[in-house]
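Two chains, two frames, a set of hints: combine them into the complex.
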Amino acid sequence: MNFFELILKQIRQRSLSTILTVFSIALGVGLAIAIIVLHREGQHVFGQTDYGYQIIVGPKASSLQLVVNTVYHIDKSPGNVKWEVLETLRKDPNFRADVKQAIPQCVGDSYNGQPIVGTVPQFFGYDDEGKRIENTEDDPNRRFTYRPGQSFEIAAGRIFNNDKFEAVIGSDVSAKTGLKLGDTFQATHGFPQPGAQPDVHKEKWTVVGMLKPTHTAADKCVWIGLTSFYTIFEHAEAEIQRNQLRTGEKMGASGGEDEGKKHYTVSPDGIITLDPDVMAGREISAILVKTRGSFNAMRMLTTVNILPDVMAVSPAVVMRDFFSNFLEGPVTLLLVISCLVTVVAAVGILTTIYNSVAARSREIAILRALGATKTRILFLISVEAAFVGAVGGAIGFVLGHAMCAVGSGYLARTLGEPINWVKVGPEELLYLVAVVVIAFIAGLVPALKAYKTPVAVNLVAL
Amino acid sequence: MALALENVKKTYAAPDGTTVTVLDVPRFEVGDGEHVALVGGSGTGKTTLLHSIAGIVAPDSGRIVFDSENATDVTQLSEAARDVFRGRHIGYIFQTHHLLAGFTALENVLLGMTFTGRSPDRQWARHLLEEVGLGERLDYKPAKMSVGQQQRVAVARALANRPRLVLADEPTGALDPNTAQQVLDVIRKLCREVGAALVLVTHDPSIAQQLDRVIRLDELNRR
Chain A
1 MNFFELILKQ
11 IRQRSLSTIL
21 TVFSIALGVG
31 LAIAIIVLHR
41 EGQHVFGQTD
51 YGYQIIVGPK
61 ASSLQLVVNT
71 VYHIDKSPGN
81 VKWEVLETLR
91 KDPNFRADVK
101 QAIPQCVGDS
111 YNGQPIVGTV
121 PQFFGYDDEG
131 KRIENTEDDP
141 NRRFTYRPGQ
151 SFEIAAGRIF
161 NNDKFEAVIG
171 SDVSAKTGLK
181 LGDTFQATHG
191 FPQPGAQPDV
201 HKEKWTVVGM
211 LKPTHTAADK
221 CVWIGLTSFY
231 TIFEHAEAEI
241 QRNQLRTGEK
251 MGASGGEDEG
261 KKHYTVSPDG
271 IITLDPDVMA
281 GREISAILVK
291 TRGSFNAMRM
301 LTTVNILPDV
311 MAVSPAVVMR
321 DFFSNFLEGP
331 VTLLLVISCL
341 VTVVAAVGIL
351 TTIYNSVAAR
361 SREIAILRAL
371 GATKTRILFL
381 ISVEAAFVGA
391 VGGAIGFVLG
401 HAMCAVGSGY
411 LARTLGEPIN
421 WVKVGPEELL
431 YLVAVVVIAF
441 IAGLVPALKA
451 YKTPVAVNLV
461 AL
Chain B
1001 MALALENVKK
1011 TYAAPDGTTV
1021 TVLDVPRFEV
1031 GDGEHVALVG
1041 GSGTGKTTLL
1051 HSIAGIVAPD
1061 SGRIVFDSEN
1071 ATDVTQLSEA
1081 ARDVFRGRHI
1091 GYIFQTHHLL
1101 AGFTALENVL
1111 LGMTFTGRSP
1121 DRQWARHLLE
1131 EVGLGERLDY
1141 KPAKMSVGQQ
1151 QRVAVARALA
1161 NRPRLVLADE
1171 PTGALDPNTA
1181 QQVLDVIRKL
1191 CREVGAALVL
1201 VTHDPSIAQQ
1211 LDRVIRLDEL
1221 NRR
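Top line first, the protein sequences correspond to chains A and B. Per the numbering used here, residue 1 is the first one in the first sequence, and the count goes up by one each step. Per the numbering used here, residue 1001 is the first one in the second sequence, and the count goes up by one each step.
Extracted from the complex, chain B is given alone in its bound form (with noise of 0.2 angstroms):
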């Protein structure tokens, strides 16, 4: 298994003072080299689930395991520890590319590898930049990319640190068919290159059917 939640819940306090619960996963578990597409509509929380299993924000309570042998609560951890934990394990791809501007495509990737405590493996970047078609464009700046090649430096930043879980966050809501299919196709490719889990969060029904499951937010989360 390479990623269990129990029991997951997630409040925020509305401006007129009342609590809002905006998760409530009672049980969501991701097999090791998985797809699963959740699909949902605005509101459905999950861009707070992807934060929670990411260790972007804490639950309040529940429990997030990654890697059913060597369990992994991050609901346990520290911050920093959080922090660290994603940096190695968990790839993430936004709605939008989010590259740093200054930085070329090849930096961009190596940026990934820049928090994990391991040294740099600039051949691996290539290797990614090169399976997500941008060989050419190593030193390209984002500005001078289209939307699709920004989202496949994204991808190949995610992939960066061989992770075991990639969350990907409607990672093709921005683009045309063609290039959303494209990028999709790459972000398959690679986690299957790594063995890696995917969770990906989509509108498009057409993205969703080609994972191996799909699973509709409203019917996980009870809030």
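Just chain A, with the same shape it has in the complex (with noise of 0.2 angstroms):
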């Protein structure tokens, strides 16, 4: 029988204390893993600094929630830019020089809870005509990225024509609403709250692509041209209404959907022909912008600040900002009750082991007769500690990552961001081996009382 034998041994002779003080430890652990590791993963997909984009514009408000909208999909839209920002971004020659690319974004309606986004085929990589944008070797970032070097891919059909009804649809959205290749479907207006009466469009849009899975919140995005999303009766009279402010024109009152007004033409082809009251007071709630580096990001978030009723932010600043200012300070006082949990199983390791060695006396005492010496009962007893430490440890190691699951699959579902729940950090086996070390220092305790156990005394007293 060897040392390790003889420790195993005698915690399985106590299995029962020893099982509810390892739970203890495994709960404990568990806590401070899910922590750790949420909050570093959070961190990489909030406060991450990979887009592909450098830029987003929008409307004068707050940054948090234009980048949450726009990059997540979540929250509402802080509101709209004219659609000559979008022309200035393009065609100015104060911003020709930073902008490569700059893409409109439209929201507002949704599909059975997934947001419908109305957006251009050069977002996912494609020309006017459906062709996909080819890098070359003079300009290797012709193509729009979603993060560096990853564009969109079409698993199944084709990208929609701007100018018609029809959709893309994300990875995640099959899945979730049951569409799929051919499919026609109506939007609705907003995000009805459930058991609300939804306000459905009666515009219908095919669905004549299926995109490849990005895991970020594209993937639970419908999306559809942009020219298609003006058709919308809603849009188009808010369109036709702010040019009229902005013409000085009298407002018209609105007809209403159900009279069955249209602002637009369909051409026999499914060429869709907005009024040109609608072109004319187009609006945007967003638009991703790609400098041509770094330096005309920073001059861009400059200039672009200084216009009237719009401002550009950079999401990775906005997020980094956002975590450590809202969620940094939580997510630390979780770490510290966490921790503080980890130290209350240890304080169990120390009472269990403590009251163990007391009914252990005459165990101890005989070891002592059979040649054990005074310093191995110490070592004993703290391996005996660290060990329950470790396999507390162990365990809750695991059942922190199970946590992070369940959490990663709420945030794919809710942000379309999963966390990577597998991956295992420096700090995380750092924490385990404190554990060790303090169950090891609570293991001490005891093992000091059965270093004292007076061996003649506890012999004689059977």
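By construction, these hints were calculated from the structure, which means they are not laboratory data. Heads up, none of these hints are tricks.
In silico BS3-like cross-links for lysine-lysine, where the CA-CA straight-line distance does not exceed 30 angstroms:
| no. | chain 1 | residue 1 | chain 2 | residue 2 |
| --- | --- | --- | --- | --- |
| 1 | A | Lys9 | B | Lys1144 |
| 2 | A | Lys9 | A | Lys452 |
| 3 | B | Lys1189 | B | Lys1141 |
| 4 | B | Lys1009 | A | Lys452 |
| 5 | A | Lys449 | B | Lys1009 |
Chain B stretches covered by chain A per the calculated footprint, using a threshold of three residues with CB under 8 angstroms from any CB of chain A:
| no. | region |
| --- | --- |
| 6 | 1053-1059 |
| 7 | 1077-1087 |
| 8 | 1113-1121 |
All C-beta atoms in this analysis are idealised placements derived from N, C-alpha and C, irrespective of residue type, glycine included.
Given below as structure tokens:
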């Protein structure tokens, strides 16, 4: 029988109290590991700096709301900017030097809870004719990317025609809504609450393409052409009223969608032509800007913010600030709490083993009589405590990652971005080592009691 | 000579502050392989003498020397060194078995080998248990065995490291005469097999007279 077998035997003799102690350690460690992983991976997701674009231009409002709505497709849009802003970014000499690509996005509708986003084929790396934009040696960054080096890819079908009632769907949409290639659907205004009467628009889109997974929020979106987005009656009416306000015309009363009034025409081959009033009043929820370099991005952040009613933000900076300002504190607090839970669990080890030492004074005396030195007994009890800590730590480690797997599923459903819950960081291993050391130290208290157990007295008392 | 004690004294502080001498042995020797019975009434210092020889307690003065050829005076050893020496060279049998409840008969014998620094000899442990008549009960835990069987496991454990000396503190005191005889027989048989000397404390004259020499502790101990 070797030393470790002896420890296992001793532990097995008090299996119930050992299991309970291991359980309490596993809970504390699991909580701490989950917080460590969520903190690290959350920072990676929210504080990511690897966007395929550098700037988001939107209305002067909450920069966080703009980024969260544009990148993660949650929360409400903070408002719109005029179409002219897009034109300015694309054509104005002051910006052309900085802007490589400017991609408009319009939001505000949904289908079965999934956001509908109006944009242009260039967002997906296709031109207006539906051809793939190829990078060249001269310009290796022609195609728009959602992450550096990563552009959208069609898994089935093709990209939509910007001027038709066509849609492509993210990789998660089919599973969530049942939509598949060739299906038609109608958009719902906003995101109606459960039980509320949905305001379903009468226009019908056909699904012509399905995207490959990107593991971003884009996977949960239904993407439609920007022109078709403006055909929705409320959108068109709003564009007209804005145009009337802008030009000083008297605002006409809305005819209402029920009257069948439309602000567009559709040719026999399905091409949409918007009414001039709608065209003149078009607005955009956000513009994704890929700059020519980091210096250009810095300059744009300054110059755009000079413009009235428009702001430019760096999504990486906004999300990093959000994470450090709003999440860092609570996460640190949770981490402290979980560390306290671990310490309480370590005290549990101390108590359990201390009590067992009192009950085991006879056994300890026998071991001493058989030749075990005091130091050996000290080591035996401390290693037993460290072993209990290590087993509890290992179970807690698995438990923590399992909790993160659940959290990852939730984030994937809500944000479209799962976390890498499998990844093991050095801080976790450091924490586990700390748990074993704490358990070992906790075991020293009863071990010292065992160390001082008077052999002769305990043998005679038997 | 297996063991020689010279002027071994042990005192304790009484609760009233006085000093009580419990052991004062001017000379006590046990020859190689000799089986000695120590007899005496309660409070004559039998257990203190055995604990002193085993190094469980340190005498205040005197010498306790093992093995006249490679003499080791255990009184000169540190507590840890005495523990190791005891584990390697002395087998101890208590009045009650003192087996560990969670361990099987075989594991209890192997436990006796754990602290010697040598590899446990499983085959020898089995042999010992077979010799004490428990070859069929290797995996039995103490609770599943009779008192006599438990004591026989304790005998096997005491012989696990092939000791030079076996100390037995009233090993048959809690047994009926038949079982007591069986236990005495296996103790002597195994001591002979490994060539160990035996110092056996007993109240029972019929047990004592079977050994090579009988010593009355009240004559030996002049406290």
